[in-house]
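If you read the sequences in order, they're chains V and P.
The numbering of the first sequence is the numbering used here, which starts it at 76 and goes up by one.
The numbering of the second sequence is the numbering used here, which starts it at 76 and goes up by one.
Just so you know, these hints were derived from the structure itself, not from any lab.
Heads up, a few of these hints could be off.
Put simply, identical chains are the same to the list, so a pair is met inside one copy or across any two.
[Said to hold, decoys possible] Keeping only pairs whose Cα atoms sit at most 25 angstroms apart, straight-line, the calculated BS3-like set for lysine-lysine is:
1. Lys94 - Lys284
2. Lys271 - Lys284
3. Lys141 - Lys183
4. Lys183 - Lys101
5. Lys277 - Lys139
6. Lys183 - Lys284
7. Lys94 - Lys271
8. Lys183 - Lys139
Number of protein chains: 2
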Amino acid sequence: MIMQPSELLAALRFRYATKAFDPVRKIAVETWEVIEESLVLTPSSFGLQPWKFLVVQNMETREKLKAASWGQGQVTDASHLVVFTVRTDLEQVDIDSWVARLSEVQGKPLEALAGFSGIISSFCCAMSPAEKQAWNTRQVYIALGQLMTAAAVMGIDTCPLEGISPADYDSILALPGSGYTTAVACVLGYRSADDKYATEPKARFAAGKVVSRV
Amino acid sequence: MIMQPSELLAALRFRYATKAFDPVRKIAVETWEVIEESLVLTPSSFGLQPWKFLVVQNMETREKLKAASWGQGQVTDASHLVVFTVRTDLEQVDIDSWVARLSEVQGKPLEALAGFSGIISSFCCAMSPAEKQAWNTRQVYIALGQLMTAAAVMGIDTCPLEGISPADYDSILALPGSGYTTAVACVLGYRSADDKYATEPKARFAAGKVVSRV
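Construct the entire structure; sequences and hints are all you get.
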């Protein structure tokens, strides 16, 4: 049931930022449902999950988003597109909503969670809205990392998209006023047989430059 | 060789922020080498890898880091501790170093990469050092996400550590002046049989609250 280290390594070496997707081949419905669930299961600080993941299926919207992504073909050619949005703030209502959910799922009375709730509130109070948004954005990058790795171990290709206009994405996705804003995006699907990037040697710094045992 | 969706889901559901590790059980050497390689293989914007991963093995150092982590026992009890550090800036020398590596690995002359190098420089020039550090920090959270997911699919437990004092970590790890600073940490190993958090129901918002198809 679990992966052997050599299998994981093969999956991570197989993955690359796919530039050309096979526009015909789609991710199977039941596989996609697991991918969405992997987004839901992403760990976050205090469990706050300060995000919404938008799976953009409407092709007209994807055409508009492509124009807000330097015209990158992946935005429309890939099987699926996920836009990672984050809360622009973190308010008591967000904390209360999470603590209520925790109470519900774990069957604990709210009073038993008051201490935990207080710790989160104190932590959040110390930050400005801009700092909270920056913190939320870091959290959502955990989701991006988990998504790309989860896809890779299932043999699904991805391309993270930072080269986008978040303001244009927000406008196209009607986010202004919602309390959420675009952080980053990622497309998923299957590489095209003629993506020249697929066969280039994988380039990373030598391990000795980025990993030190101390 | 690849994971079935149901297997991935089981692995992600099995993982949780482990609070109590078995202090005796260690990650096997050959498995650890793959985990380090998974850090090396983390995707980053433009491939810049603006990070260093410190694997802290010295127990005296880990005791000091524990004190800078609200005394959390995982810091010393877990098999391994990784401190994620990021560049405090991004300078032309960082870009040149990456482009030189790319040239070496992919066998392309530097002149062929001049356009790519110029794009990165223009992008980085538009940011202040603080913005560059914030960007680097977001990138390293991809590594955190990839690490936790990679560990989970191999049946290894993790606990991300944001509740640390980065300034104290920096000082203990002699980072000031190195151009790198602590962003976040993560411990890895195997859960203790008596970690009460292991058996609590996994709590996340309902999928409908955090995933929308549009």
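Each hint tested on the structure:
1. When the C-alpha separation of Lys94 and Lys284 is checked against a cutoff of 25 angstroms, the pair qualifies neither within a copy, at 27 angstroms, nor between copies, at 31 angstroms.
2. Proximity of Lys271 and Lys284 under a CA criterion of 25 angstroms is satisfied in neither setting, with 28 angstroms inside one chain copy and 39 angstroms between copies.
3. Proximity of Lys141 and Lys183 under a CA criterion of 25 angstroms is satisfied in neither setting, with 46 angstroms inside one chain copy and 30 angstroms between copies.
4. When the C-alpha separation of Lys183 and Lys101 is checked against a cutoff of 25 angstroms, the pair qualifies neither within a copy, at 42 angstroms, nor between copies, at 34 angstroms.
5. Neither within a single protomer nor between protomers do Lys277 and Lys139 lie at most 25 angstroms apart by alpha-carbon distance, with minima of 32 angstroms and 38 angstroms respectively.
6. For the identical chains of this complex, Lys183 and Lys284 are inter-copy neighbours only, at 21 angstroms across copies versus 47 angstroms inside a copy, given an alpha-carbon limit of 25 angstroms.
7. In this assembly of identical chains, Lys94 and Lys271 lie within 25 angstroms of each other by CA distance solely inside one copy; the values are 9 angstroms within and 45 angstroms between copies.
8. In this homomeric assembly, Lys183 and Lys139 never come within 25 angstroms of each other (Cα to Cα): the closest approach is 45 angstroms inside a single copy and 35 angstroms across copies.
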